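Engineer: The residues making up each chain are set out below.
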Amino acid sequence: MTAIASPPASTASRPRGAIRDFAAQQPLGALSFVIILLMTVAGIFSEWVSPHDPLRIDFAAILQPPSWEHWAGTDAYGRDIFSRIIHGARTALVISLTSSFFGATLGAILGIASAYFGGRIDDWIQRFMDILLAFPIIVLALVVVAALKTAVIFGIDINLIVAIAIPIVPRVCRVVRAAALSIRVMPYIDAARAAGYSDSRIIFRHMAPNVAAPYLIMFTAFMAQAILLEASLSFLGLGVTEPTPAWGLMLSGNAADFYREAPWLILFPGLAISLAVFAFNLFGDSLRDYLDPRFKV
Amino acid sequence: MKALFGIAGMLAFALAGATVPADAQQPKRGGTLNFAISAETPNYDCHGSETYATLHFSAPFYSTLVRFNLKKFPDVEGDLASSWTIAPDLMTYTFKLHQNVRFHDGTTLTSTDVKATYDRMRNPPKGVVSPRQATFADIGTIETPDAQTVVFRMKAVNASMIEHFASPWNCIYSAKDIAADPNAPRNKINGTGPFVFGEHVKGSHVTGQRNDNYFKKGLPYLDGFRGVFTLQAAAMLNAVQGGQLLGEFRGISPAERDRLVGAMGDKIRIEESSWTLNLLVAFNVEKKPFDDPRVRRALLMAIDRWGGSAGLSKISTMRSVGGLIRPGSPMATPPEELVKLPGYAKDMTAARAQARKLLQDAGVPNLKFVLHNRNLAQPYTPAGIFLVDQWRQIGVTADHKQFDTAPYIAAMNAGNHEVAIDFSNLFMDDSTLALAKYLSHDRSPQNLSRAIDRELDKLYDDHVRERDIEKRKAMIRAFERRVFEQAYQQPILWWHRIVPTHRIVMGWDMSPSHNLGAQLEGVWLNQ
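So the sequences go chain by chain: A and B.
Under the working numbering, the first residue of the first sequence carries the number 174, and numbering increases by one thereafter.
Under the working numbering, the first residue of the second sequence carries the number 685, and numbering increases by one thereafter.
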């Protein structure tokens, strides 16, 4: 009697099982996911979660150290730092999520198209990506944000998102192109061509789903990068403006004047940035380890 | 014995010389003064500007007819004028110019250049911006009987005219240059000042070299200067602390002062003064709902200036609560009178309740608008944060947007703003200067509320002619009350000036205005 082995469970068809599997295989990844989840919840429900109004000035409470009343102390305007960190999570997540999504998605589309068409189109796209890659990520973002100025829609600076998204594009494009090159020579792509499917259908319906793993990994990894970029640009006065709570902004301005006598001004926003970057980086790494079959060997 | 006395005398002289205070030392020639300019000028034209960024950039290249003597402020001394006379009826001012004054392009300065300069300010050709048009409106004719004499005949008395002639903004231009292109001074520098233009690298610095043909022999002492644009306060402080920059002549915050003193000890010199400068909030009356005085008044009533003064003075260059004239100066409104004016109440609960009612009556209880502000850390950002908070307390949402100096000014001059944090940048306490900003916009383009109010214009004109101090004071009060009741514009707080310079920087004089002393003529380095 021959035992018939059951086919391996598909991760796509059983998401709950996949999450349990991921947590079991990547405990640190699961921990980072919990941190991201907490940040997201804090960002979405910041109005209800934060103990104080993050914009409310209280000159009677200037530069107070951490206490039961103000868990992370107060800033030079007497504003509650903990509440500003919670509200700052929203700014960080909205900007990093949207910029990573647009940057990674555009990079993925260009990468697949570059691999699929090959020849001169591939050359042109890749040389353009070379130009973008020649600039350090922060320098490119600085140039873009300085050139575009501000265009605020629904309280979000669209040009800041564009500035952060652009440096992400070439990096994702390179990785996705490498994955797509191996898919392009698959028989089913030839079959799709022979069946007369359009280029866009082949790219979006047949190639894109098969590069989802590197896309997701890059997307998560660049979330961390985007949080850092947003904080850096705000620190340099090119991101969001006061009094909007934003972690990078909390490290600049009056914090630079008073951090010697009130170190909590930079300690807690710095911790928030570090924790968020750590969580996204760890989650990205864990996701790569989980999804990439080579790491399972 | 004689020889012994001689040696003892020489020794005593030498010892006395060794203990002479630094300020009394003989100036030394040479060296380059590297200093910080915390904003970059939108263009080079002194006449069209109201920001110190232009003066700290351009003043070393230019001369004025007369100027303030900063050692005896507000006394006036000659610059291009070697002497002057004022008719007893104050209707004629005659200036004699120094001989052999040359522009940097080699041409000789004559009275024609002075006339052309003042004509440009009082009757600006099309396309030329002149915020000082109202100030010089009382000049009837300018005569040039000879190359060294210029005579101003007034249409009406202006008791403060000689101080207005000493304004640092009145850079004397070449008649030839402005005849060829009235806007030439915006992009080209050709003055008679102590320094010749070197280079302007946008976003980086401006340099000047000593003018060897300067008409004041022996001056300037410096070989040159380099003004470095340091938009980030932290970068400026690091550079001053590290010795790359030897000073910042505008002013720093109390916290920045404490940091420099803590790090540099007696290597840094700190000078402090009250400041002829305030930030004000201006409502563009051409935009709805700010055409409604109830809305404007409500927004002013919501601002707790007294509480703000106590808090903001610890973290910014803003300090004193005042009306239209610098608090503490002879013509200023005292605090006990100030509290009776709209926007200066101390009972903020009552004031804010009244403000909410005014907004309700005007039909805009949940008003939202953009607060246009300058991207300068001190004190524009603290002022913006403060106003946003104050207005939130009456249910108003202000979207705070900050811009670099050039777009900030351009947008306001074009009337694109709704509500702006503007500045009243004075160089003296005289009311004819301080009140000019509040005249009707068609008379005073620097009035960024763009309001036309002929009652205010009349009050101003009457006060300019009035020579009796008490009557003049009463007119100033009436003018002030009208401005605040109509709520076109209102000072937020007046500033406090703190200037850091390295001990080796000598010959620079502190004053209540950062617009003065920017020529650097007498500055030298004790190294």
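FYI, nobody ran anything at the bench for these hints, they're computed from the structure.
Every value quoted in this text rests on a predicted model; they were computed, and no experiment measured them.
The beta carbon of each residue, even a glycine, is placed where N, CA and C say it ideally should be.
Errors might be hidden in some of the hints.
Unchecked claim - Where chain B lies over chain A, by a calculated footprint (3+ residues, C-beta under 8 angstroms):
1) 249 to 256
2) 259 to 272
3) 291 to 301
Said to hold, decoys possible - The calculated DMTMM-like cross-link candidates involving lysine to aspartate or glutamate, where the alpha carbons are at most 20 angstroms apart (straight line), are:
4) B:1157 - B:970
5) B:1085 - B:1113
6) B:1030 - A:226
7) B:971 - B:1169
8) B:886 - B:1088
9) B:998 - A:434
10) B:1155 - B:1145
11) B:1155 - B:865
12) B:998 - A:231
13) B:1052 - B:970
14) B:755 - B:1021
15) B:1052 - A:434
Said to hold, decoys possible - Partial pick of chain A residues on the chain B-facing surface, computed with a CB cut under 7 angstroms:
16) 218
17) 363
18) 379
19) 416
20) 427
Engineer: Could you run down the list of hints and mark each one as holding or not?
Structural biologist: Hint check results:
Taking a C-beta to C-beta cut-off of 8 angstroms, the segment 249 to 256 of chain A contributes 3 residues in contact with chain B, enough for the three needed, and the coverage statement holds. As drawn, the segment 259 to 272 of chain A meets chain B at 0 residues by the rule of a beta-carbon pair under 8 angstroms; below three, the given contact is violated. With 0 residues having a Cβ less than 8 angstroms from any Cβ of chain B, the segment 291 to 301 of chain A misses the three-residue criterion, and the hint is violated. For the hint pairing residue 1157 of chain B with residue 970 of chain B, the CA-to-CA distance comes to about 31 angstroms; that exceeds 20 angstroms, so the pair is violated.
Annotation: proposed proximity of residue 1085 of chain B to residue 1113 of chain B is violated, straight-line Cα distance about 31 angstroms (limit 20 angstroms). At roughly 24 angstroms between alpha-carbon atoms, residue 1030 of chain B and residue 226 of chain A are farther apart than 20 angstroms, so this suggested pair is violated. In summary, the hint linking residue 971 of chain B to residue 1169 of chain B is supported, as the alpha carbons are separated by about 19 angstroms, within the 20 angstroms threshold. For the hint linking residue 886 of chain B to residue 1088 of chain B, the alpha-carbon distance of about 13 angstroms falls within 20 angstroms, and the restraint holds.
This hinted pair checks out: residue 998 of chain B and residue 434 of chain A have alpha carbons roughly 14 angstroms apart, not beyond 20 angstroms. With a C-alpha separation of about 13 angstroms, the suggested pair residue 1155 of chain B and residue 1145 of chain B falls inside the 20 angstroms cut-off, and the hint holds. Taken as a hint, the residue 1155 of chain B and residue 865 of chain B pair is broken in the structure, with Cα atoms around 44 angstroms apart against an allowance of 20 angstroms. Between residue 998 of chain B and residue 231 of chain A, the direct Cα distance comes to roughly 13 angstroms. Compliance with the 20 angstroms bound is thereby established for this hinted pair.
For a cut-off of 20 angstroms, the pair hint linking residue 1052 of chain B to residue 970 of chain B stands: about 16 angstroms separates their Cα positions. For the hint linking residue 755 of chain B to residue 1021 of chain B, the alpha-carbon distance of about 33 angstroms lies beyond 20 angstroms, and the restraint is violated. Taking the CA atoms of residue 1052 of chain B and residue 434 of chain A, the gap is near 37 angstroms; set against the 20 angstroms cutoff, the hint is violated. With its C-beta approaching chain B no nearer than about 21 angstroms, residue 218 of chain A sits outside the 7 angstroms limit, and its interface hint is violated.
The interface hint given for residue 363 of chain A is broken, as the beta carbon of that residue sits about 55 angstroms from the closest beta carbon of chain B, more than 7 angstroms. Against a cut-off of 7 angstroms between C-beta atoms, the interface hint on residue 379 of chain A is violated, since the closest Cβ of chain B lies about 46 angstroms away. The criterion of a C-beta within 7 angstroms of any C-beta in chain B is met by residue 416 of chain A, whose closest approach is roughly 5 angstroms, and the hint holds. Restraint check, residue 427 of chain A versus chain B: the minimum CB separation of about 6 angstroms is within 7 angstroms; hint holds.
Hint check: violations occur at hints 2, 3, 4, 5, 6, 11, 14, 15, 16, 17 and 18; the rest are consistent with the structure.
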